[in-house]
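Following the hints, position chain D against chain V.
Number of protein chains: 2
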Amino acid sequence: MKKDTEVNLMHGAGGEVMGELLQTLTAFKNNNAGGIGLESLDDGSTFTVGGKTVILTTDSHVVKPIFFPGGDIGRVAVSGTVNDLSVMGARPIALTCAMIIEEGFPIADLEKIVASMDETLGEVGASIITGDTKVVEKGSLDGIVVNTAGVGVIEEGGFLIRDRNLAVGDKIIVSGTLGDHGLAIVSYREGFDLGDQLKSDVAPLWKMIEAAMKAAGNGNIHAMKDPTRGGFAACINEMARKAGVKVVVREDTVPIRESVASAGSLLGIDPLQVANEGKCVMGVAPEAAERVLAALKSHPYGKNAAVIGEVVEGSGVVMQTRIGGERFIEPPLGDPVPRVC
Amino acid sequence: MKKDTEVNLMHGAGGEVMGELLQTLTAFKNNNAGGIGLESLDDGSTFTVGGKTVILTTDSHVVKPIFFPGGDIGRVAVSGTVNDLSVMGARPIALTCAMIIEEGFPIADLEKIVASMDETLGEVGASIITGDTKVVEKGSLDGIVVNTAGVGVIEEGGFLIRDRNLAVGDKIIVSGTLGDHGLAIVSYREGFDLGDQLKSDVAPLWKMIEAAMKAAGNGNIHAMKDPTRGGFAACINEMARKAGVKVVVREDTVPIRESVASAGSLLGIDPLQVANEGKCVMGVAPEAAERVLAALKSHPYGKNAAVIGEVVEGSGVVMQTRIGGERFIEPPLGDPVPRVC
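For the protein sequence lines, the chains are V and D, in the order given. If you read the first sequence in this note's numbering, its first letter stands for residue -17, the second for the next number, and so on. If you read the second sequence in this note's numbering, its first letter stands for residue -17, the second for the next number, and so on.
Just chain V, with the same shape it has in the complex (with noise of 0.2 Å):
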């Protein structure tokens, strides 16, 4: 395949074609601080504070429309950063807030997304600490963007979980319905009206998955990711390729509102390729599965939690279908939905 010169849109889309711009943007020498470096692609990445591991990570948030069914761009920003370090099983601690604002932007509206952030914070204790403010000419960038990095820590007790560590045996555990979030966006774009249950997902999972990994057990979560760009399809298949194993999954336990698959069918999407922002994929050691999901369940954001298949030897990821069959889970080339966080 020739090599693209310039940028493209499924550059940004957090699936296969992403890969090759990142061969560039992942071309620095100095790229690791001792621990987890950029090399390996994880959530975030680890250095070590006075003997303590320290997970460090960022995002920058473009979705449109700021303002969603659902939630925000702040209330996105915070989440997407709490979340990569939830998934890594670290306390977070301390973010940072840097917008780029265009001219003419509604100072409401940055009141708005100010108390949508701090509102998410509060939910689980971590703090926005320091931030930078640009503003730039009106028409060089369409109203917002809010990047946000995040600091945390492995605490007493705690373990530091991988996204690459899944074993043969490990149930997989999604921590709700699928889909949400790129569906909620794509049809409120669109214009559709599929009635209230149709609303982004996004949440800070911190509280839950804390509560999960003290229910695991040391270490017995095995792995984990979020399912952002490029959906549960993305995430799961990045997980059984860096682990060199098989997932199967259950289709009939894979949990996906109806509103949500309605909306799927009506627009050609796989609410599986879309991005999800309140929502973790685990691999579990099996003896602690049913005490992780009920874990899972006591939790409001984890209500829906369920074991949807597990790890075998083996490569790809299959779904069992309703009807005895079986297809490929393939990752996506790019999730459907652009500018969806």
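Think of the hints as simulated: they come from the structure by calculation, not from any bench. None of the values given here were measured: they were computed from a predicted structure. Some hints here could point you the wrong way.
Because identical chains share one entry, a pair is satisfied inside a single copy or across any pair of copies.
[To be verified] Taking lysine-lysine pairs in the DSBU-like style, the calculated list, with each CA pair at most 30 Å apart, reads:
{"hint": "1", "residue 1": "K11", "residue 2": "K224"}
{"hint": "2", "residue 1": "K228", "residue 2": "K279"}
{"hint": "3", "residue 1": "K285", "residue 2": "K196"}
{"hint": "4", "residue 1": "K228", "residue 2": "K285"}
{"hint": "5", "residue 1": "K(-15)", "residue 2": "K120"}
{"hint": "6", "residue 1": "K34", "residue 2": "K11"}
Structure of chain D alone, referenced to chain V:
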């Protein structure tokens, strides 16, 4: 004054007007993780891990053009974050890199930016350990923006430095010529040819500052800040105001390149009001000033360092002019050069 309802360019220009917007943007209740928090508006903030003080900072970079005499957006992004950590006395350890890229952006330019960032990191032994990439539709961003966040630590034998602790009797030291970056950018944009001398000073200062701290001895650099947006004038006024002191500067000791002074005259721009990207301003205990000056001068980025004034009781910043008069150095309403970093 009527409160603005929309964001305007002056809100992002690093001067007095920016303060109004910052009231909105710092209205977080969750703003502190047990150290220096958002409310301090210092170059970075702090929290404690394993008994060590960790510094966290962030900047988004929107400089236009992205390649300019003396540097590029990549060197600005790494230097900006490295310097925000360094002026607080922290060794830069780990940085994040989050890029938002416009569809159609040349991949060859991305490669140049990454190589430049990598070279800048290498100068100070820091690393980019995690990142994020978003791509947006053509027309919704002009080219690329780069966010970097950074984490540093106060080392054994080092000491935390704030921007607010100027003390009466302190010598004011600048690490080199003032106004280079801002006037290089604006002259280049305007198409002026003012010779090879007029180029950005953008540089990562940790090694120079580390040497100055060692020469000073524990705590003898009382206050430090990097004079970015709004230049030396904004920087020194903020330092004086936060400490409740007056600063007296002697005009004949302020290092300004002839080419920068010429360009400033031509364009009607005061070199003291535009951004520097490779300079710092210090308040140093008088008994340590000569040692610190010598240490700065021994580093290539500090070879034009100078003692330019001192701290006295009172308020404001005054310049003793060459002809024996005195005038205020006012805090600028905003940097006269937009999109400078």
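To see whether the hints hold, each was checked on the structure:
1. Only within a single protomer do K11 and K224 lie at most 30 Å apart by alpha-carbon distance; the minimum there is 22 Å, versus 40 Å between protomers.
2. Proximity of K228 and K279 under a CA criterion of 30 Å is satisfied intra-copy only: 26 Å inside one chain copy versus 61 Å between copies.
3. In this homomeric assembly, K285 and K196 come within 30 Å of each other (Cα to Cα) only inside a single copy, at 17 Å, whereas the closest approach across copies is 56 Å.
4. Within a single copy, K228 and K285 get their C-alpha atoms as close as 27 Å, which meets the 30 Å cut-off; across copies the closest is 60 Å, which misses it.
5. For the identical chains of this complex, K(-15) and K120 are inter-copy neighbours only, at 20 Å across copies versus 34 Å inside a copy, given an alpha-carbon limit of 30 Å.
6. Taking CA atoms no more than 30 Å apart as the test, K34 paired with K11 passes in both settings, with 25 Å inside one copy and 27 Å between copies.
The structure is consistent with each of the numbered hints, conforming to all of them.
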